[in-house]
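Q: The residues making up each chain are set out below.
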Amino acid sequence: MSAPRPARRSLRVRLSGLLCALWILSAAASRDVALRSNDTTGNSTRGSREDVHQQNRHKTFPVLSFKYEHVRKPFEISIWILLALLMKLGFHIIPRLSSIVPESCLLIFVGLLIGGIIKAIGEEPSVLDSQLFFLYLLPPIILDAGYFLPIRPFTENLGTILVFAVVGTLWNAFFIGGTMYGVCRIEGAQLASVDLMSCLLFGSIISAVDPVAVLAVFEEIHINELLHILVFGESLLNDAVTVVLYHLFEEFSHADTVTVADALLGVVCFLVVALGGIMVGAIYGVLGAFTSRFTSHTRVIEPLFVFLYSYMAYLSAEVFHLSGIMSLIACGVIMRPYVEANVSHKSYTTIKYFLKMLSSVSETLIFIFLGVSTVAGPHAWNWTFVVFTIILCLVSRVLGVIGLTYVLNKFRIVKLTKKDQFIIAYGGLRGAIAFSLGYLLTDSRMKNMFVTAIITVIFFTVFVQGMTIRPLVDLLAVKKKKESKGSINEEIHTQFMDHLLTGIEDVCGHYGHHHWKDKLNRFNKAYVKRWLIAGERSTEPQLISFYNKMEMKQAMMLVESGSAAKLPALVSSVSMQNQGPGRRAIPSISKSREEEIRKILRANLQKTRQRLRSYNRHDLMMDRFEDNISEIRFRRQRVEMERRMSHYLTVPANRQETPPVRKVCFDSEHKVYTYDDDESLRGRTVQLHPRAPDAVALLREPSQRPDHRSRAEPRETEPDDQEEQDQMKLLRCFSDPGPDKEDEDGSFLSG
Amino acid sequence: MGASQARYQQEYHDLVDKSGFSLEQIKNLHYRFHQLSGNNETISKGNLDIIPALEDNPIKSQIIDAFFDKRNQRQNETGSCEEIGFEQFVMVMSHFRPPPSPMTDAEKEAVRSLKLRFLFNMHDTGSDGTITLEEYRKVVEELLSKSEHMEEEVTKDIADAAMLEVASTNVPHMGPDEFYEGITFEHFQQILKDLEIESRMHIRFLDVDTTTMHCGKFSS
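So the protein lines, in turn, are chains V and Y.
Remember, our numbering sits 4 above the position in the first sequence when you count from 1.
Remember, our numbering sits 179 above the position in the second sequence when you count from 1.
It is possible that part of the hints are untrue.
[Stated by the list, open to error] No more than 30 Å apart at the CA atoms, straight line, and that leaves these computed lysine-lysine pairs for DSBU-like:
no.	chain 1	residue 1	chain 2	residue 2
1	V	Lys423	Y	Lys372
2	Y	Lys317	V	Lys483
3	Y	Lys317	V	Lys521
4	V	Lys485	Y	Lys372
5	V	Lys414	Y	Lys335
6	Y	Lys206	V	Lys419
7	V	Lys533	Y	Lys335
8	Y	Lys317	V	Lys529
9	Y	Lys224	V	Lys523
10	V	Lys422	V	Lys485
11	V	Lys422	Y	Lys287
Hints were generated in silico from the structure; no laboratory data involved.
The following block holds chain Y by itself, in its conformation from the complex (with noise of 0.2 Å):
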């Protein structure tokens, strides 16, 4: 019992520095870990696709896939895994932590590139670098999937508006013999460089076990 409490004791430490977490916060997503994945060493997609609350979540299928997505771990690899580790899940979840604050500039740079890395990975489900028309048509299909009496034509359009968004800002004169192949990773980054990604995507995460208690107050 001693020896592996020591271990795990190492292995948070070890996360603690990876992921920016504090060892709380480590220790409450290791015991929600274990809960999703019924006390077994990784989860596999199913043990995610089973939480109730996903199931109103129009982009369930995305978000679930970016756990799997090996682009994900800032490892540098591509292609998707069929079952991920604590220390995987550790390292998406580190996508969400709020920012520290206060930020310098550089920081509040380097912080929402990676958030934004992530919605780019989400999107390009390709794994080729750029959002094609018809991944970002996707998107916008994925999110109005819920609702009912869902035309095409209109996703098609919003898709289209905001592709022909994304070219006039980014290559604003571009000439008759050119079409424009997909989003880059900057072209991303500067479309939504209003929207203050890295204030705005986070959650918090719990000091206290909560799981039980039904009520998130504390933030990191």
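Just chain V, with the same shape it has in the complex (with noise of 0.2 Å):
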């Protein structure tokens, strides 16, 4: 073992030699890498000259010729990114080093020292762009974010973020720019210049806690949802109070006067961008769920759609200077619960991991461009300015955290500890929005200087606190999320206690919480569903839903750890059943039905066989993976069949009067069969449950008598044309969720 230890690291060394190699071939070619438009357009005029003159005199002809200018853009954004993307991979190589550190300082540090390279080679290292963050760095973390938002506990404690984002984020811009203005006003502060307005301009840059850097660090801890959602939700909510604020101070920072007016327009124009953003999202989330219900024939271009519907949401936000963040919010939430219940299982992948890489990478990038820029950026270092800032950002956190918990917990059910309100307080970590606002400012005279200030609260916020929070949540012993593992009976329960707890306000005469979320329930059920969502499935209730896709994913795993039993001929296992009559005990079935299984079945496996191997964008066949899906569920019927047989031979024949719990009649091969790999049958009780992937399940009622097989007579019509259903039902969950009555050969083709 030891032996390929030094292996490794040598390895490693290699590996980070050549990491380090390759950063500086590309910043030398990179001149601006923050796509800041520069002279190619001379060079590329400069170069054609050079040809036509070249073409006057006759040279060889040029086998090889370098011609970088024309790709010079494109390379260096890729070139970057796949740097990003290789140091990121080398953190995670490392053994130890990304459970100490987070993320994200292991980025910045990147960024400097990328930052520090580029300089000491004499070239300039470009700033994070703004415009590059606003438009193409940002919206995909929040995208990503809005989409998988946990609706749940968002909706339970909305009051309570609303309270965190607006009263909060108010209170701490506004006790940051006075208490700022009064520290410029100290004598030997040399800050005189420093006026009322641009403090507060000041205050409301640095107030807001940043999401992407609650993402990167609160993921990293697993802490409980509730804390999560608090900060995290926090952090999403503040950007309409941001933006407001930014706007009206920047507008004020030019103004002469402030009238009372003034101040009101400000709060009126805080509920139209907050509002307009939600409603502008809002707008574009129905387009996008409506559209997804007419894709069944165009399954590839469905992830499209919502990546597409939301980014427009987002522009369309920033034209009208709407927060773009609640509009992108807005949309995810409010395309999902549609737009999942149409698209196939792919694209849902499809969408799920694309959204995770594209706001990876932009995680990634913003955190190195914020090292690069902070060593590129012009600093104007004032001591009292920038440690006054980091106190009173700390200070106000704490004091606002703990004054608006204590009017919270009047109103809160499940009140919040010390302990939460320690985390909260702790968790408000400035990013990169705050420098990117900072870097906005067009007044040059405080610019450095906020810059700066802006650079070292980020700093001191992602790595003191990011560094440390792990370490005090496991101090603290501050509850972790709990994985969930899907239960059915939970799922039960909660809608069981919903409808429950609704009645019971009914008795009691109120219209509370629960008779509202009730009334939307309803609403959505009777008409947004009917509108938004294709076929049968916008009249499905959210149980079956929920129990649908847990047979699939249970179905999934099954596939995925399959069976080591061998597919032996389908003949000889179908063969097998025909056994039956002769034997005893076995669930006997009835021949016509047999047969038709036995059909079925080998018209699968031809398929299964037969079936292209298409390259064709335009029609995506089953792969390989479904592939192996049909041939592993051969093989687990197989195992299956073989241990029921098995099973029912070594039972003696006075056995069969078990209450009439459950029994298992044999079903169409379409189910997956579970059990647990332990040996025998549990009782004949609730074992052998057929996981069927979105079909519904064939088992017969047990009456109490023994004899299965007169049992499975009268029973006879109804498979044939529940046979048909469940295949449609089957191929849904593989190839496409879409309208019930799609043609066998249809949907191995469409994708």
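Hints are included, so try docking the two chains, each in its own frame, into the full complex.
A: Here it is as structure tokens:
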């Protein structure tokens, strides 16, 4: 074991050496990395002139030529992204680094290094371009957050979150701004030129908790859901406040006087920005959901609709200076339930992974750029200003959280404990949004000082708070996130309780929280779902969708941990069943059913083998994974059948009269059976539960008679049409949950 | 007038002690009770049946039965009554009181146990101390009763899956000779322990009479 280790270590050293070399190369090759357009046009004209000049003399045909300028921009972008990701990869290879230091710190550090290297070679490192940040880097992160926002805890704590976001941010902004103004009045600080408006502007920039930083740090500490949603929700919703305050104070700092009317307008502006943003997002969300209803024939582009509608929502909101973040969140939240009901499973996976991928890349780039910008930007260091900023940020956050919690706890059922308050206060991280806003400032006297202070605060929060929050969480024994296993019992009882509490509220006679939620749900079911969800899934109750999802998950899990049994020829497996009538206790099925089953099995197997592997991107055929699914499924069935056979054979005849808990009949082959892999069937009760991916189970009810055979007869007629339905429904889970009567061939072909 | 007021006061104080509500809340509940009962002393199932808002509730009958279930009176009786008085009404409502906080772990367990017991009684219609498969099936059926084109098979499947889950979490190694009879209260507690019932199963009881105001803001 020790022999490979030095090899691995030397590999790592080599790897890091290679990475450094590549960085230097890219730094040397890139002049302005943040896409500030430079003299490419100049270069290209020069190049073409040279070409013309060269054509006049006859020269040998250039076999290999170097023409870098025209791929320069995409080349630089790609190499930056590639190297950023390689860095990220590198961190996780190093064994214990990622558990001590949060990734964001490491990335900033790398950015610092890069910046230093670039400066050392004499190039000018670029600063994080605000437009790049706001238009390209921020939206994927926010969309990812919004699309996967856990709705239930969010709405349950919405009041608290809003109070923290709005009141908390306002308090922070004014406290910091006001106190800084006071500090600036101190004689020896050389800050006399900073006026009140600028201070308030600065306060408003620095006061907002940053969603990117919060996500980056909190994701790694796996804190319990309540705290996570509180801090995270606050960081998302305070964008509206930040936008308004920023624009307000920027306007005011150029104006001479501020009247009360202006202040009132500010309040109105806030409402417009917030509600307007949400409305824009909602409109695009509904559009997106509506579009997804019709995509059953073009499954390949489904994910694009989600991304594009959301991005349009963000951009549209930004056009009107509304809150783009809230728009994006609203769009994602509204779109999600309907889109998920409409798109195929593959599209759902694509959306999920693409979002995660984009947001991961964005986050990495943001932090690296932060590091580079620190080295690059013009700094004006003022000890007083910076130190006081940091202190004030901490103090105001703590005071704000304590004060607000005190008030909130009067209204909350689940009160926030001191530990919770500490984590909320400590989790108030600042990040790149503050930096970009600071960088957008036009007044360059203060700008450098402000930017320096902002960067220092960001560094402080990310490094100090980010690194220490994990041991603190462990030290304070804060509740961690519990892994939910998707229990059907919990789902049943959650719904049961919803109805129960609504009913009790009705008996009590007042319209409380549950009553309105129930009303909203009923409205949703009666009207909205009809419009936005295609086909029969629009009327599917939530419990059933949950159940189907769970079934599918289990089927997938089963497939991935497929059994080791070989797949025998199908005919023989079916013929095993034919021995039924001869044996005592085998749950036999009628002859005609056997025939059907055999036919279907054979047909499916043939299809599996005949399917073409097409790489045509216009029709994604079922791929290898799904081939395996069918193979493994058959394999599984075979194993189950054998087991059941052996069990029934070993069971003495007189055990047949067990109470009518449940007995199992043979079901159609579309089921994937589960049992735990311990040997025996655990009593013939609730075992052998057929996990039917999205199919209606054909489990027949036991009567008390032990004779399965005769029981099978009366049900014979039903399976025929059931199976047709089953086939359609089965295909849904692996290809498309489309409209019901999809042709079997068609579903294999469409993607 | 004065005498009956005094009597009410005495009753109220008893109820405050027994149920944990505040005096204001008891008064409001009494007002509501009078509304429901048409100023009689007791209410019957019929009185609760006609509440219009309950019409759309899929588990309406279970909720109503729960009021008349003697097991929810915490007096170790079983069976059901025909009519209930105000005291029983309040006792049933007390199951939905928001938990006092902060709670010690023992208090949390006690509250959770109480609320889970209420849920259990709602499911265990046969009063035999276990929820059998049939009873659980009925629960799922009722839950899905308001949705359209309900397929019986699916409800059975869901109930079966749920029972299987309970069985496999609580009795992981059943031999081939055993079968799982029904969910006992301990098993029930075990499977729902992650739901944090004590902080979710409550409604806000009002300190102010808002039946005429139509806004429920204050909490206890």
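Q: If a hint holds in the structure, say so; if it does not, say that too.
A: Hints versus structure:
| no. | hint | result |
| --- | --- | --- |
| 1 | V/Lys423 / Y/Lys372 | holds (23 Å) |
| 2 | Y/Lys317 / V/Lys483 | violated (36 Å) |
| 3 | Y/Lys317 / V/Lys521 | holds (25 Å) |
| 4 | V/Lys485 / Y/Lys372 | holds (15 Å) |
| 5 | V/Lys414 / Y/Lys335 | violated (44 Å) |
| 6 | Y/Lys206 / V/Lys419 | holds (26 Å) |
| 7 | V/Lys533 / Y/Lys335 | holds (25 Å) |
| 8 | Y/Lys317 / V/Lys529 | holds (23 Å) |
| 9 | Y/Lys224 / V/Lys523 | holds (25 Å) |
| 10 | V/Lys422 / V/Lys485 | holds (18 Å) |
| 11 | V/Lys422 / Y/Lys287 | holds (18 Å) |
The structure is inconsistent with the numbered hints 2, 5, although it conforms to all the rest.
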